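Engineer: Here is what each chain is made of, one letter per residue.
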Amino acid sequence: MDLAKRVARPSPPQGERGGPTADAVGGVRAGAANDKYQYLLRLGDNALVLSQRLGEWCGKGPALEEDMALTNVALDLLGQARLWLSYAAELAGDGADEDSLAYLRDANQFRNVLLLEQPNGNYADTVVRQFFFDAWHALALQQLRISKEPRIAEIADKALKEVNYHLRRSSDLVVRLGDGTETSRKMMQAAVDHLWPYTGEMFDADGVDIAAAAAGYGFDPSGLRAEWLAYVREVLEESTLKPPSPEAWMQKGGKQGRHTEHLSHMLSEMQVLQRSHPGATW
Amino acid sequence: MSALSTRASIDTIWSWLRQVPDPEIPVISVVDLGIVRDVRWDGQDADADVVVTVTPTYSGCPATEVIAASIRDRLAEGGIGHARVETRLSPAWTTDWLGPEAKEKLRGYGIAPPAGPAGEHVIDISRLTRRSAMKPAPVIACPRCGSTHTQVLSQFGSTPCKSLHRCDACHETFDYFKPH
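So the sequences go chain by chain: A and B.
Here the first sequence stands for residues 6 to 287, numbered as in the numbering used here.
Here the second sequence stands for residues 1235 to 1414, numbered as in the numbering used here.
Chain A with its partners taken away, still in its complex shape:
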């Protein structure tokens, strides 16, 4: 599609679920169709935002091997984001496509969880963020691969094979750095404590999740919490790191479009080319 034509688009109308910032783009108006669209955006935006964050490490990784691993994971996630967002764009109609969704939406139209937009910080922050998400991602994709919607099931099946490797790597790094030197252990514990309040949102079911579970194309995320906690605790304990309390107060809002300020800064860099030179191609 012609990105140039979409830059000046007015803000889309409000949707029926997910609070005042939810929006239905293009032809998606009805409740059920909008729920599915929102659901796909969440899957796609999670992959896209984390991919962009990891891409920020390119050329700056602490070791060549880590640099390559970060960008490989970013590439997998970018491919997954394309699959989810292309599907979302088809539901939206109105000429939307994966590129318009990635480059022409504002922060309040993104549906990723807050955890993933948090800045890269030091390497411990990046590793812990990845670990928390990978464990959830693997469990989530395992649910989605048995989705009643064949297209969702096949994307999830493909993605899960890749995420298996992501999870293996991030779990391994958490153990190496957690049970590493005194300095690395301290930094890892600080990262775990800092990012912990962003993990609750992954298991927080709202109307869009409930609708997805009821219709059979998605799942209830609250059902993944026990298994996620058990796995994360197991790895943290092996790492000599202290798991924070599961009862801790949790941040939320990303899935409904209420983001931390970090997302806007990230998007300003990610989208600048298409915003400044609409329709530019490689």
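There may be inaccurate statements among the hints.
As the list claims (entries may be wrong) - A short, non-exhaustive set of chain A residues, derived as facing chain B with CB atoms under 7 Å: (1) E70; (2) D72; (3) A74; (4) L80; (5) L83; (6) G84; (7) Q85; (8) E159; (9) K163; (10) R174; (11) F224; (12) E232; (13) L234; (14) S269.
Claimed, not checked - Here are the computed lysine-lysine pairs in the DSBU-like style, where the Cα-Cα straight-line distance is at most 35 Å: (15) A:K166 - B:K1339; (16) A:K166 - A:K247; (17) A:K153 - A:K65; (18) B:K1337 - A:K166.
Unchecked claim - Sample of chain B residues lacking proximity to chain A, with all beta carbon distances greater than 10 Å (derived): (19) D1272; (20) W1275; (21) D1283; (22) Y1292; (23) L1387; (24) C1404.
Just so you know, these hints were derived from the structure itself, not from any lab.
Since the structure is predicted, the reported quantities are computational estimates derived from the model, not experimental observations.
The beta carbon of each residue, even a glycine, is placed where N, CA and C say it ideally should be.
On the provided structure of chain A, position chain B as indicated by the hints.
Structural biologist: What follows is chain B alone, placed relative to chain A:
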């Protein structure tokens, strides 16, 4: 003369596709790699399209688009102007589709082929535990000297489908084609 008698047979088209190299591992073809899932003529007319169905190795593999272009170019050389390359995700690509011959070509090229079926090495998360996630690494023989005294340097290598290893016997680093 009918269109059917003049146009290339499906077998001929497959033989052309066997000449299309993987852009990042040129020693094997896209057919060796197992990503060509189907070849068919879409219609009976002389100007019908050839449809080649491919499946991506990894979701974000940048070679996918180059491969589609190479396939269209090779078919054009054979006189087929109307070729479409379609993508199919399911069943998801697996290294189990690499034949024995392809594995030998990889080894000859300096890339250790997948050690065993994909299912044995991919995490079984039917119950997610650290133990299931950290299955012991398979024994990987150095593609240069054959020693099995090798270690992983990075689980992610120069392309999405490979990891990076080092041989402790000959001290060479090498790529390993990950079971997937």
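Engineer: Each hint should be assessed against the structure and marked as holding or not.
Structural biologist: Results of checking the hints against the structure:
At about 3 Å, the closest approach between the beta carbon of E70 of chain A and any beta carbon in chain B falls short of 7 Å, and the interface hint on this residue holds. Annotation: D72 of chain A was flagged as interfacial toward chain B, and the flag is violated, the nearest CB pair being 9 Å apart, outside 7 Å. Of the supplied interface hints, the one on A74 of chain A holds, with its beta-carbon coming within about 4 Å of a beta-carbon of chain B, less than 7 Å. Of the supplied interface hints, the one on L80 of chain A holds, with its beta-carbon coming within about 4 Å of a beta-carbon of chain B, less than 7 Å.
Below 7 Å, beta-carbon pairs count as interface contacts, and L83 of chain A has one with chain B at about 5 Å; its hint therefore holds. Of the supplied interface hints, the one on G84 of chain A holds, with its beta-carbon coming within about 3 Å of a beta-carbon of chain B, less than 7 Å. Hint status for Q85 of chain A relative to chain B: holds, with the closest Cβ pair at about 5 Å, below 7 Å. At about 4 Å, the closest approach between the beta carbon of E159 of chain A and any beta carbon in chain B falls short of 7 Å, and the interface hint on this residue holds.
Hint status for K163 of chain A: holds, given a least beta-carbon distance of 5 Å to chain B, under 7 Å. About 5 Å separates the beta-carbon of R174 of chain A from the nearest beta-carbon of chain B, less than 7 Å, and the hint is met. Using the Cβ-Cβ criterion of 7 Å, the hint placing F224 of chain A at the interface with chain B is not satisfied: the shortest such distance is roughly 14 Å. For E232 of chain A, the shortest C-beta to C-beta distance to chain B is roughly 6 Å, which falls under 7 Å, so the interface hint holds.
Because the smallest distance between the Cβ of L234 of chain A and any Cβ of chain B comes to about 11 Å, over 7 Å, the interface hint for this residue is violated. About 25 Å separates the beta-carbon of S269 of chain A from the nearest beta-carbon of chain B, more than 7 Å, and the hint is not met. A C-alpha spacing of about 25 Å is found between K166 of chain A and K1339 of chain B, which places the hinted pair at or below 35 Å, so the restraint holds. A threshold of 35 Å between alpha carbons decides the hint, and for K166 of chain A with K247 of chain A the separation of about 30 Å falls inside it, so the pair holds.
This hinted pair does not check out: K153 of chain A and K65 of chain A have alpha carbons roughly 42 Å apart, beyond 35 Å. Annotation: proposed proximity of K1337 of chain B to K166 of chain A holds, straight-line Cα distance about 21 Å (limit 35 Å). No beta-carbon of chain A is positioned within 10 Å of the beta-carbon of D1272 of chain B; the least distance is around 16 Å. The Cβ of W1275 of chain B sits about 26 Å from the closest Cβ of chain A, beyond the 10 Å cut-off, so the non-interface label holds.
Under the 10 Å C-beta cut-off, the non-interface status given to D1283 of chain B relative to chain A holds; the minimum distance is some 22 Å. At roughly 6 Å, the least C-beta separation between Y1292 of chain B and chain A is not larger than 10 Å, which violates its mark as non-interface. Non-interface status of L1387 of chain B relative to chain A is broken: a Cβ of that chain comes within 10 Å, the nearest being about 6 Å off. For C1404 of chain B, the condition that its CB be more than 10 Å from all CB atoms of chain A holds, with the nearest at approximately 20 Å.
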